[in-house]
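Novice: Sequences listed follow chains A and B, in order. Numbering-wise (our numbering), the first sequence opens with residue 4 and increments by one. Numbering-wise (our numbering), the second sequence opens with residue 1055 and increments by one.
There may be inaccurate statements among the hints.
Claimed, not checked - Straight-line Cα separation of at most 20 Å, EDC-like style, residue types lysine to aspartate or glutamate; simulated pairs:
id	chain 1	residue 1	chain 2	residue 2
1	A	Lys457	A	Asp605
2	B	Lys1200	A	Glu649
3	A	Lys378	A	Asp448
4	A	Lys177	B	Glu1202
5	A	Lys293	A	Asp448
6	A	Lys129	A	Asp188
7	B	Lys1200	A	Asp590
8	A	Lys457	A	Asp412
9	A	Lys177	B	Asp1172
10	A	Lys177	B	Asp1160
11	A	Lys177	B	Glu1111
12	B	Lys1200	A	Asp648
13	A	Lys586	B	Glu1202
14	A	Lys169	B	Glu1202
15	A	Lys169	A	Asp448
16	A	Lys296	A	Asp448
17	A	Lys122	A	Asp138
Unchecked claim - Ranges of calculated distance between the beta carbons of each label pair, as one might list FRET restraints:
id	chain 1	residue 1	chain 2	residue 2	range
18	B	Glu1150	A	Ala270	44 to 50 Å
19	A	Glu224	B	Asp1226	30 to 36 Å
20	A	Leu28	B	Asp1132	29 to 35 Å
21	A	Thr8	B	Pro1161	55 to 61 Å
22	B	Glu1150	A	Pro29	41 to 47 Å
To be verified - According to the in silico footprint, chain B covers these stretches of chain A (three or more CB under 8 Å from chain B):
id	region
23	235-244
24	309-317
25	384-391
26	576-582
27	603-614
For the record, the hints were derived by calculation from the structure and aren't laboratory data. Note that this is a predicted model, so its numbers are computed, not measured. Positions of the beta carbon are idealized from the N, C-alpha and C atoms, including for glycine.
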Amino acid sequence: MSNLTLPANIVSNPKLSHWFRLDHLPLVTVCTGKVELGQGIQTALQQIAADELGLELAQIHWVAGDTQLSPDEWYTAGSLSVENGGAALKVALGHARYLCIQAAAKQLDVPIDTISIAKGVFSSSKVSQQLSYADLSLSVNLDQEIISSEAIQASKHQVHSALVGKSLLREDLKSKLSGAAFIHDFSLPNMRHARMIRAKHVQSTIVSVDLEKIKQLPGVEQVVHSGSFLAIVGHNEAQIDAAQEKAQACVVWRSPEYVAQQVETEAMITALPAGDEIAYEHGTKKSAVKTIKARYSRPFIAHASIGPACALAQVTDGILSVWSHTQGPHLLKNQIAVGLRQDASTVNVIHLHGAGCYGHNSADDVAFDAAFIAKSTGMPIRIQWSREEELTATPFGAPGVIEFQAEVDDAGKIINWQSEVWSPTHIHRPGWSGKLNLLGAWMIDLAHPIDETKDNPLPQGGGLRNAITLYDVGYQQVRHHMIPQAPLRTSALRGLGAYLNIFGMESFMDEVAQELGQDSLEFRKKHLQDPRSITLLNQLASMAGWSKRDSLPEGIGLGMGFARYKNTGAYCGVMVQLRAEEKIYIDQVWAVCDAGEVINPDGLINQIEGGIIQSISWTLKEMVTWNKEEVTSANWDTYPILMFDEVPRVEVQLLNQPGVASLGGGEAAAGPTAAAIANALVQALGMRARHLPLTPERLAQIVE
Amino acid sequence: MRWTAHLYQRGLSKHIANNSLTLFLFMTTQLTLNGQRLAVNAPENTPLLYVIRNDLEHKGTRFGCGTGNCGACTVIVDGQAMQSCDMQLWAAADKEVITAEGLSQDPIGQLVQQAFIDEQAAQCGYCINGILMSVTALLKTNPNPKQEVLHDALNRHLCRCGTHVRILRAIDRVIAQINQQVIA
Chain A
4 MSNLTLPANI VSNPKLSHWF RLDHLPLVTV CTGKVELGQG IQTALQQIAA DELGLELAQI
64 HWVAGDTQLS PDEWYTAGSL SVENGGAALK VALGHARYLC IQAAAKQLDV PIDTISIAKG
124 VFSSSKVSQQ LSYADLSLSV NLDQEIISSE AIQASKHQVH SALVGKSLLR EDLKSKLSGA
184 AFIHDFSLPN MRHARMIRAK HVQSTIVSVD LEKIKQLPGV EQVVHSGSFL AIVGHNEAQI
244 DAAQEKAQAC VVWRSPEYVA QQVETEAMIT ALPAGDEIAY EHGTKKSAVK TIKARYSRPF
304 IAHASIGPAC ALAQVTDGIL SVWSHTQGPH LLKNQIAVGL RQDASTVNVI HLHGAGCYGH
364 NSADDVAFDA AFIAKSTGMP IRIQWSREEE LTATPFGAPG VIEFQAEVDD AGKIINWQSE
424 VWSPTHIHRP GWSGKLNLLG AWMIDLAHPI DETKDNPLPQ GGGLRNAITL YDVGYQQVRH
484 HMIPQAPLRT SALRGLGAYL NIFGMESFMD EVAQELGQDS LEFRKKHLQD PRSITLLNQL
544 ASMAGWSKRD SLPEGIGLGM GFARYKNTGA YCGVMVQLRA EEKIYIDQVW AVCDAGEVIN
604 PDGLINQIEG GIIQSISWTL KEMVTWNKEE VTSANWDTYP ILMFDEVPRV EVQLLNQPGV
664 ASLGGGEAAA GPTAAAIANA LVQALGMRAR HLPLTPERLA QIVE
Chain B
1055 MRWTAHLYQR GLSKHIANNS LTLFLFMTTQ LTLNGQRLAV NAPENTPLLY VIRNDLEHKG
1115 TRFGCGTGNC GACTVIVDGQ AMQSCDMQLW AAADKEVITA EGLSQDPIGQ LVQQAFIDEQ
1175 AAQCGYCING ILMSVTALLK TNPNPKQEVL HDALNRHLCR CGTHVRILRA IDRVIAQINQ
1235 QVIA
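Same shape as in the complex, but just chain A:
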């Protein structure tokens, strides 16, 4: 039997029993390291699993993100859950299916190829007797290494199940929309509630604290104070919540010295100390007739999840259990152990669903808080961050600047291209490049040193994500100025650098086309050879009525943006129609996405729609503000996001490609949407906006 190459997640979790078990009968246990973050991945992965095993979704016992029970699949991030997590499930469960078919044939005493599986039942054309997975539990050895072969893959034909490609309803939404379902809703016996006491700049240190006064606040049973880590604990959540604000008044803080007063993003970012590296170079420079140059920027952006971070922790017989809505349970487990200076074998992390997660938010930090407080007090702890902490203490999406220079030949084609990026890190997660990266661990007595930042290198890229253009531009060079220390803490926010880089690149393509007097859609197609991109752009143009663009009334604009996320993920094109008055009113958005074979079409459309709306909010409204002492955008009044009456009509189409590898699409829409807005604005207003967000104040500036 020839052994095929195994996916990376199988190589790192090689045992079949890591992925498939018959220990929860009559249900079939399927384990994954990829966790539900509000993106609907649980349902999509279950569809893949069900089709491999011939099960209905209700027959699966699903175990996700439990460090004792699930495989370690790194972070649930980068739009890789279907691409990598799904591919691993196919291989592991394919092997399990193959073994179960063999065992069933033996038990029924029939040839292997007469067995078929449907709805969890093994049957053969030769006999009337049928078997379930439970009937096979004693005859299949799962304590073996996973292999893949052509024979194993071929046994898929014996399965009668076709859930992949169907828009199945999400099972998790039924409980979420009617009662308890989130981490916030769980409780432990004898549990205490905890709240952190902290400054509005997270790396502030305590100068002095009146602990006696805090202890006297109603409901405060214990105060946990270690270095600059300060928390209150009590059994009544309402009282502890009320005490949080009062306790804050009992502390004198010192904010870190490197925090400078806020200035415009472009000026701030290019003035900070930074590296200088040619990150990518390709082709040969040719002589050109025209040079065009432009610079774009984005500010710090907040995750701003509607639900605040929450975690539970307790120590039982020397084992610390932490319940968390983290993206990386195994990585978090290891770093909590480092932070608490105890052996990793004494820590377990169990994933529970949280509110919307768009990247490295506060989930990991609150888990450390819970762990430290539980360990210090010996009590089972539930801790929840406040809205203010959520908007000030959570890592922010990194600001950045990107400058493009295009040189054009006399045929109006780009022949030399340079992009130059300035940005702090876009990844500073626990466990990222082996670093601790937990806020609380930097605060406690015997504080762990604040970890150095290191951005994600190409080809995935952090600040450089999508900085390499896929357009056929001849010579290309990408230069990176990595900023080791920004005024505020940054880490992964949906799309990382791709949001700015695609906004910039797709704005710039329009600028060059306009300079050369060419239609911006045709100009893009002239620089594309990939047929998938061209098909997508043609469909998008016909959907949005691009050909009638010139006949739109005055004050209205239609603009486009297009990219392949990470240059390896899903393709997404977006067109936006808007009105420019005292502010920007977006009327309609059209999008086309090619994500290869689509597992759950409605789930993917939901992600694209959400990416578009979130991007409109970032692009039109959002900017973190601060002064020398603190982050000042600390509530929904000072950090406004998109409101219902600002929401456009949105139409999304998928170019489904059955049999073609699935591509992650969860982050594909944001960059193209931002560019489409800026490009539409040029038609509506006759002015180019290059620096985000496009607030009424910004519009007033560029019109002047």
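Given the coordinates of chain A, work out where chain B should sit on it, guided by the hints.
Specialist: Positioned in the frame of chain A, the structure of chain B alone reads:
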């Protein structure tokens, strides 16, 4: 002020609150939650949200901001959509409170809840239960609201996942269903 008037009614002469001391008066308050008459023994100034979640263990109402700005904690109190983080227990005394757990008992609430499932009008789903409450309260008194009226109700809610398009579609579905029933 309602708070003072309320204390006065109960024969209390003053309410003490300063930086270091808040008076928590543990009293019994009667209210109806999802059709069930209940007595709550909690300080009267406890935010209704915590009473519902912790004392009465109905977890389908969510904390979002604690200041009435995001709508995640919205419940229906005597037919009105109210933000329960911003409302104290005494204000719900002897009133009828409906949460996500009780929506299915109400014909309109049931339609709203089902329409959100059918349209998959959620991503993380954290903000949705509050929205279900506002939409139900609105449609019960106004089954065919003008767009501005609907926007006014929805603008009390924030959604970060960007599910707005589907939420609006689910509401359209309910409005069509209600009006079809009326005609039939």
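Novice: Against each hint, give a clear statement of whether it holds in the structure.
Specialist: Hints, one by one, checked against the model:
With a CA separation close to 37 Å, the supplied pair lysine 457 of chain A and aspartate 605 of chain A exceeds the 20 Å bound. About 16 Å separates the Cα atoms of lysine 1200 of chain B and glutamate 649 of chain A, which keeps this hinted pair within 20 Å; it holds. A hinted pair counts as satisfied when its Cα atoms are at most 20 Å apart, and lysine 378 of chain A with aspartate 448 of chain A qualifies at roughly 14 Å. At most 20 Å may separate the alpha-carbon atoms for a hinted pair to count; lysine 177 of chain A and glutamate 1202 of chain B exceed this at roughly 30 Å.
Taking the CA atoms of lysine 293 of chain A and aspartate 448 of chain A, the gap is near 60 Å; set against the 20 Å cutoff, the hint is violated. For the suggested pair lysine 129 of chain A and aspartate 188 of chain A, the alpha carbons sit about 51 Å apart, so the restraint of at most 20 Å is broken. Taking the CA atoms of lysine 1200 of chain B and aspartate 590 of chain A, the gap is about 18 Å. The hint holds against a cut of 20 Å. This hinted pair does not check out: lysine 457 of chain A and aspartate 412 of chain A have alpha carbons roughly 38 Å apart, beyond 20 Å.
Between lysine 177 of chain A and aspartate 1172 of chain B the CA atoms are separated by roughly 10 Å; this keeps the pair inside 20 Å, and the hint holds. Between lysine 177 of chain A and aspartate 1160 of chain B the CA atoms are separated by roughly 17 Å; this keeps the pair inside 20 Å, and the hint holds. Annotation: proposed proximity of lysine 177 of chain A to glutamate 1111 of chain B holds, straight-line Cα distance about 18 Å (limit 20 Å). Annotation: proposed proximity of lysine 1200 of chain B to aspartate 648 of chain A holds, straight-line Cα distance about 13 Å (limit 20 Å).
Distance hint between lysine 586 of chain A and glutamate 1202 of chain B is fulfilled; the C-alpha atoms sit about 19 Å from each other, no more than 20 Å. Distance hint between lysine 169 of chain A and glutamate 1202 of chain B is unfulfilled; the C-alpha atoms sit about 36 Å from each other, more than 20 Å. Annotation: proposed proximity of lysine 169 of chain A to aspartate 448 of chain A is violated, straight-line Cα distance about 53 Å (limit 20 Å). For the suggested pair lysine 296 of chain A and aspartate 448 of chain A, the alpha carbons sit about 50 Å apart, so the restraint of at most 20 Å is broken.
As the CA atoms of lysine 122 of chain A and aspartate 138 of chain A are separated by approximately 14 Å, the hinted pair is consistent with the 20 Å bound. The beta-carbon spacing between glutamate 1150 of chain B and alanine 270 of chain A, approximately 57 Å, falls outside the hinted interval of 44 to 50 Å. Separation of glutamate 224 of chain A from aspartate 1226 of chain B is about 50 Å and departs from the stated range, judged on CB atoms against 30 to 36 Å. Separated by about 49 Å at the C-beta atoms, leucine 28 of chain A and aspartate 1132 of chain B break the suggested range of 29 to 35 Å.
Restraint check, threonine 8 of chain A to proline 1161 of chain B: a C-beta distance of roughly 57 Å satisfies the suggested window 55 to 61 Å. A hinted range of 41 to 47 Å holds for the C-beta pair glutamate 1150 of chain B and proline 29 of chain A, which are about 43 Å apart. Here's how the region 235-244 of chain A fares: 5 of its residues keep a CB closer than 8 Å to some CB of chain B, so the rule of at least three is met and the hint holds. For a cut-off of 8 Å, the count of residues in the region 309-317 of chain A with a CB near a CB of chain B stands at 3, and the three-residue condition holds.
Given a C-beta distance limit of less than 8 Å, the hint that chain B covers the region 384-391 of chain A holds, as 3 residues qualify and 3 suffice. Counting residues of the region 576-582 of chain A whose beta carbon lies closer than 8 Å to any beta carbon of chain B gives 0, which falls below the threshold of three, so the coverage claim is violated. As drawn, the region 603-614 of chain A meets chain B at 7 residues by the rule of a beta-carbon pair under 8 Å; at three or more, the given contact holds.
Checked against the numbered hints given earlier, this structure breaks hints 1, 4, 5, 6, 8, 14, 15, 16, 18, 19, 20 and 26; the rest are met.
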